[in-house]
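Enquirer: Take a look at the letters that make up each chain.
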Amino acid sequence: MSELRIVNLHVNVNGREILKGVNLTIHKGEIHALMGPNGTGKSTLAYTLMGHPSYEVTEGEVWYKGQNILELEADQRAHLGLFLAFQYPVAIPGVSVANFLRAAINARRRIANPEDKGIPIPEFRKELKKVMDLLKVDHSFASRYLNDGFSGGEKKRAEIIQMAMLKPEIAIMDETDSGLDIDALRIVSEGVNALRGPNLGVLIITHYQRILNYIKPDYVHIMMDGRIVESGGPDLALHLEEHGYDWLKNKIEMTF
Amino acid sequence: MATPVVVTKKRREELLESPQFPFTERDLPIWAQDGDIPEALKEYHLRAWGLFQTIPMPSLTDEAWRRTDIRGLKASELTLYPVLQKRSLRPPRDLLKPLVGKKHGGQVVLVPAHAATVSVDEEWQKKGVIFTDLKTARKHHAEFLLSTLGQIVRPEEGKFAALAAAFAEDGVVLYIPSGVRLKAPLHSVIWSPGVRLARFTRLLIWLDDDSELTFVHEMASPDQGEGQSFHAGIVEIHVGKGAHLTFVEMQSWGRDVWNFTHERARVERDGTLDWIFGSVGSQLTKTFMEIDLIGEGATGKMSGFYFTDGDQHLDHDTQQNHLAPHTTSDLLFKGALQDRSRSVWQGMIYVAPGAQKTDGYQANRNLTLSPYARADSIPGLEIMANDVRCTHGATVGKIDEEQLFYLLSRGISRNEAIRLIVEGFFEPIMERVPYGGVRQRFRTAIKQKIE
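Residue numbers (our numbering), protein chains in the order written: chain L, 1 to 256; chain V, 1 to 451.
Careful, some of the hints might be misleading.
Said to hold, decoys possible - No more than 20 Å apart at the CA atoms, straight line, and that leaves these computed lysine to any residue pairs for SDA-like: (1) K139/V - E157/V; (2) K398/V - S54/L; (3) K117/L - K447/V.
Bear in mind the hints are in silico, worked out from the structure with no lab data behind them.
Construct all of the structure, not just a fragment, from the sequences and the given hints.
Expert: Rendered as structure tokens:
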């Protein structure tokens, strides 16, 4: 039961239905790309999976490790192994990257073992340095306040640094590519590729095919108007790049 | 049919009376038999006592007291002579720990009704530094005391200033001669166990020209859980020409304490004062803190934090007085509030006529962690000169839900997330704290509040 299974998910935001029955299963080891035009519900799906309180689930379930995670708080979902790389990471002034990461790592360790004394500081530092090198950021990054005054690229790198440190099993990347120049995109993608493996399932949410040149997906899904309307292999993304979304609109009209 | 009962809501105001202190002239500390007290000082106490009797008890109709109701103070139950258990007289070890490095340059510890514990590096004493308790200073440094004590805060300034001036023989006296620059910080602790104790203290810090000092002053008492205790204090600071003082003050009175202080620093030409202040204790506090910048080029910086919970009420009234041209002041006060607690910050920048090229700044930021907590933030400017730069800002906000969600999404629990956000909120104050040990003390106080 190590797959994330989204079943008929309906979600309202401010009383308006945004997700209208999403079905999607992500196994560990797989990389899924979720594409689609603006305002079709991709980010709503990301926030709902992580448990943001503003997103109201009206129908459906999300199963992971034998639990309907919709019943869990965001921190409990994280303990199960979920991770969301935010499109707009939030600044926490006065809290350094290192302090924050140590708090997050220790929270998980304590869930696994209430007696845990926390990660030894030398071990933590060593690992953080390794990850910062992977994402090509200066080591002084660790003592900066989390996302506070970070450039767009630094914020996205910080998200991947967190992902690397927290070692999730299912990672949702919400438009991690937006606002990145080509060099930054490559560094971030290399970071993700380095984490790739049989124990990690990824859902990459994006408008553009561009990031998929660097992170090769196993599956591509297209979301329109709150539903997944088309699924396929990596070729589907290339097809989109060439033909846009219009051919799908016709397809939806034919279906409904 | 029963007669309808008419319920009239009687306003609380009508039911409460102003506090009545049980003390008399005979209780003043000047009648001691040992004859150590100079006549002039006796007169000072008597004059303060007279003023105390004539100044009316502050009430909600006084502008400075509009938001702080002291009618709950059971003054009549207070005593000058509490029953003290020997064990309770020893301050907690943490309070006595050196805050910087392994050693203090000197330490004064005051407990009620007992002799002070004083230690000071001999090397400093040879250079003329005075660092001792008030009673000892009265005996050995009477001349210095008579020329300085009571000059900066006068008993006329308020009911509690008069009361403290009349009764305080408990205190710390600190004098740094001209040109002496102390490398190691000095530390004093006022520890106040005693149920229903009325404690009066004063602190005199006098830096002559071109001297330098870091001084850490802590006021604390245990949570006694019964009765009300009381503290009235006076803090007087003189920073001479070109002198530099870093003054760290930590208030962590027990929850039974009603605390009233008048504190003022006077800074002369090119002197600088860096005043750092933490306030977490007491049931109710009303503190007047002022900086008088009296010489050209004088600088005063005030950085404060308060953190309240339960039904605490902390009121800090600050004043930055620019009384000479080319003076600079910078105030940052940050507060967090839990439960049903309340804070008041009322700040004023005053620029005297002719105090041109003044640069004054004040900011107060509050974070309310409970819907029942309330922070009042009242900045003020009174500018009588025309070539100045004065700015202020005041905010009251709640924990940001998006910040909370971000931290939760990383597996951090709600309580832990709030702790991180609050610690981060206070971090700009911590950055102004000069020593790691002091920072640690402040951080521990914050942590204890959240847990």
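Enquirer: What hint numbers does the structure not satisfy?
Expert: Hint 1 contradicted; others consistent.
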